[in-house]
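S.K.: Here is how the chains run, residue by residue.
2 protein chains.
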Amino acid sequence: MKSLFGFLILACGLSMAQDGAKPAATNVPGAQYPLVYPDRRVTFQLKAPDANKVQVHLGQTFDMTKAEDGTWSVTTSPLVVGFHYYSLVIDGVEVNDPASQTFFGSDHQSSGIEIPEPGVDYYDVKDVPHGQVRQQRYFSTVTNAWRRCFIYTPPDYDSNPTKKYPVLYAQHGWGEDEYSWVVQGHVDQIMDNLIAAKKAKPMIVVMENHLTALKPGEPRLQLGGGRGRGGTRPDFTNYGATYTEMMLKDLIPMVEKNYRALTGRENRAMAGLSMGGLQTFQTTLQHLDQFAYIGGFSPGLPAQAAFDKIYTDAAGFNKQMKLLWIGTGTVERDSNPNILRLHEDLDKHGIKHVYFESPGTAHEWLTWRRDMADFAPRLFQ
Amino acid sequence: MKSLFGFLILACGLSMAQDGAKPAATNVPGAQYPLVYPDRRVTFQLKAPDANKVQVHLGQTFDMTKAEDGTWSVTTSPLVVGFHYYSLVIDGVEVNDPASQTFFGSDHQSSGIEIPEPGVDYYDVKDVPHGQVRQQRYFSTVTNAWRRCFIYTPPDYDSNPTKKYPVLYAQHGWGEDEYSWVVQGHVDQIMDNLIAAKKAKPMIVVMENHLTALKPGEPRLQLGGGRGRGGTRPDFTNYGATYTEMMLKDLIPMVEKNYRALTGRENRAMAGLSMGGLQTFQTTLQHLDQFAYIGGFSPGLPAQAAFDKIYTDAAGFNKQMKLLWIGTGTVERDSNPNILRLHEDLDKHGIKHVYFESPGTAHEWLTWRRDMADFAPRLFQ
Numbered sequence: 007m008k009s010l011f012g013f014l015i016l017a018c019g020l021s022m023a024q025d026g027a028k029p030a031a032t033n034v035p036g037a038q039y040p041l042v043y044p045d046r047r048v049t050f051q052l053k054a055p056d057a058n059k060v061q062v063h064l065g066q067t068f069d070m071t072k073a074e075d076g077t078w079s080v081t082t083s084p085l086v087v088g089f090h091y092y093s094l095v096i097d098g099v100e101v102n103d104p105a106s107q108t109f110f111g112s113d114h115q116s117s118g119i120e121i122p123e124p125g126v127d128y129y130d131v132k133d134v135p136h137g138q139v140r141q142q143r144y145f146s147t148v149t150n151a152w153r154r155c156f157i158y159t160p161p162d163y164d165s166n167p168t169k170k171y172p173v174l175y176a177q178h179g180w181g182e183d184e185y186s187w188v189v190q191g192h193v194d195q196i197m198d199n200l201i202a203a204k205k206a207k208p209m210i211v212v213m214e215n216h217l218t219a220l221k222p223g224e225p226r227l228q229l230g231g232g233r234g235r236g237g238t239r240p241d242f243t244n245y246g247a248t249y250t251e252m253m254l255k256d257l258i259p260m261v262e263k264n265y266r267a268l269t270g271r272e273n274r275a276m277a278g279l280s281m282g283g284l285q286t287f288q289t290t291l292q293h294l295d296q297f298a299y300i301g302g303f304s305p306g307l308p309a310q311a312a313f314d315k316i317y318t319d320a321a322g323f324n325k326q327m328k329l330l331w332i333g334t335g336t337v338e339r340d341s342n343p344n345i346l347r348l349h350e351d352l353d354k355h356g357i358k359h360v361y362f363e364s365p366g367t368a369h370e371w372l373t374w375r376r377d378m379a380d381f382a383p384r385l386f387q
Numbered sequence: 007m008k009s010l011f012g013f014l015i016l017a018c019g020l021s022m023a024q025d026g027a028k029p030a031a032t033n034v035p036g037a038q039y040p041l042v043y044p045d046r047r048v049t050f051q052l053k054a055p056d057a058n059k060v061q062v063h064l065g066q067t068f069d070m071t072k073a074e075d076g077t078w079s080v081t082t083s084p085l086v087v088g089f090h091y092y093s094l095v096i097d098g099v100e101v102n103d104p105a106s107q108t109f110f111g112s113d114h115q116s117s118g119i120e121i122p123e124p125g126v127d128y129y130d131v132k133d134v135p136h137g138q139v140r141q142q143r144y145f146s147t148v149t150n151a152w153r154r155c156f157i158y159t160p161p162d163y164d165s166n167p168t169k170k171y172p173v174l175y176a177q178h179g180w181g182e183d184e185y186s187w188v189v190q191g192h193v194d195q196i197m198d199n200l201i202a203a204k205k206a207k208p209m210i211v212v213m214e215n216h217l218t219a220l221k222p223g224e225p226r227l228q229l230g231g232g233r234g235r236g237g238t239r240p241d242f243t244n245y246g247a248t249y250t251e252m253m254l255k256d257l258i259p260m261v262e263k264n265y266r267a268l269t270g271r272e273n274r275a276m277a278g279l280s281m282g283g284l285q286t287f288q289t290t291l292q293h294l295d296q297f298a299y300i301g302g303f304s305p306g307l308p309a310q311a312a313f314d315k316i317y318t319d320a321a322g323f324n325k326q327m328k329l330l331w332i333g334t335g336t337v338e339r340d341s342n343p344n345i346l347r348l349h350e351d352l353d354k355h356g357i358k359h360v361y362f363e364s365p366g367t368a369h370e371w372l373t374w375r376r377d378m379a380d381f382a383p384r385l386f387q
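Residue numbers (the numbering used here), protein chains in the order written: chain A, 7 to 387; chain B, 7 to 387.
Just so you know, the hints here were simulated from the structure itself, not pulled from any lab data.
Only true hints are included.
Since the list gives no way to pick one copy over another, a pair counts as held whenever it fits inside one copy or between any two copies.
With a Cα cut of at most 27 Å, we get these calculated DSSO-like pairs of lysine-lysine:
1) 132 / 255
2) 263 / 169
3) 221 / 132
4) 132 / 263
5) 328 / 205
On a predicted model such as this, the values are computed, not experimentally measured, just so you know.
Chain A on its own, in the form it takes in the complex:
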């Protein structure tokens, strides 16, 4: 009897879960799959009668099973909440799921899936006043090229034509671009919601691409290991020098000329995720006179000398800086505790800072959305 009873409960549980299943918000219009269950399991499906092997790569690998009609499918174990890049592997070739929207990461267009967090809506489009995100072109004298950035202006920007705003410069991660903080990060929605709740000051957010900021003939720095996954780590002593130079000579002056931006270091913050966190440290720690707020979201770390320099005068650094903020997901921390170590080091040297952990998340966008939601309210107060 026990085994039959167990079977009935299992069947009932599956049926209930399927009742509340919904196509992922990241699907293209009309695509039923990927289908997300309330318990965060996901069914992926692909029609591929002539394929010999189809898998889903999503942090881990799931083998799909072929039905008689040539449809492959798999239902995963419950996934972590938030946004995940993923791909299909069809007969050994890693490609996008035709049913998914695409998201630029690791230097290519990738499928992505959003697993909803019940009761959490700070990064959704809500019934609040909305700012704009503007595609802004400008000429960079340092790279000798026209470039594009995206600029978030807060909801009251156009209706308050004399008001000036402080500015956050927000950097994406490895192989992403100047639009990633909007598409994957929902930064406009996070800011709209924080501002509406009076949790953050209205501010301008500038998003540029530190990976393409190269002087004529300057090679793009590779992280090593093909598409930047693993491999050798380059010398970071001078990493991002061109971007730093371009920010100071071209980007910041353009923003402060064309937007109603408050000027000076106390009205300027810089934050970045992963490689963008490395860029942030490289730029800000060498130019403390330009930035009073620094955010490292699961940051790559610069050469130790960058920190040794501030350790020599902790009191001076603490007096000068309004905020040094670092964060990591607990899942990524468990495999790579470098941010936790930095936190301990900063403590040991008496450097004031905020250390934030995102529970249960890895080196992924939900960690960085949570980071932004904690970081932005601390700015310009």
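Fit chain B to the known structure of chain A by using the hints.
M.R.: The following block gives chain B in isolation, referenced to the frame of chain A:
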């Protein structure tokens, strides 16, 4: 001797062509393939050691050939200039080329390739003043939802804070979205360049999504035939009614409240490509009091009654309308002469209009870029 001489010329020609070959502008960073030759042939390449058959779908189908190292490749015949959607077919499954950026069309993210036109730069980023493209959210009472549109503001918009501008509403095609006129169409670059050359008046361009404008519970109209390719044609008598209602009640009032827009029909144009051209006719021909400029770029055609109505009073229509503009590519015209027929019908009934043909192009974005470059200078003069 003749055959040897011929061989030498061929080899020499290939060698010269390869010298000037460049990765397509639509590739992801670092991707060498697709590689475009000066004679517009393209080499596609994919590493797929375990695949049995790989093809490129690009209007026509090209079989790829497998080398010993598992790399598949093919060099096409010379392609038509402009932007083409394409896909790879790996063991029968149609997927994106991992080396290509993605472009939203036919309701999915597709690979795309830009074949340059020598000496043509009106849709490139040039050294001219640039406008902005703004992501604008607004609440639609008709669809009872927050929606997103993109709004081009001309270069002098922010520096001329009292100046008002006329507005063009520009619609995308089947399965595309409110960002397509920017990404595939380069409309911001076309407008920047026309305005800099003083060929077009500075104007605001509003881009919304007519395919997602649905009341709660209203089904999305399918063109038939799966992803909208072929199949039965629905009754177009009332097609796009919700979008028209939403434009008049929500979108136009929002634009005229939040932007420095000139109001009234003589400051309002609407144009669209393909299904967006159908939407344009459906909206404008029923609301001649709201629009003085109409553009159909390879448009889908509404039910005949829509035209019969204006044929009953050609003189009145001619007096009221500032511009009725229709265009088609000569290649699409040869297989489907419906726009040419409409032109002849309009002539027969004495309706003043402009008829434009794009030489050598099909139902594709280069036709519509050329359309915009001819249409926009005729507006608001």
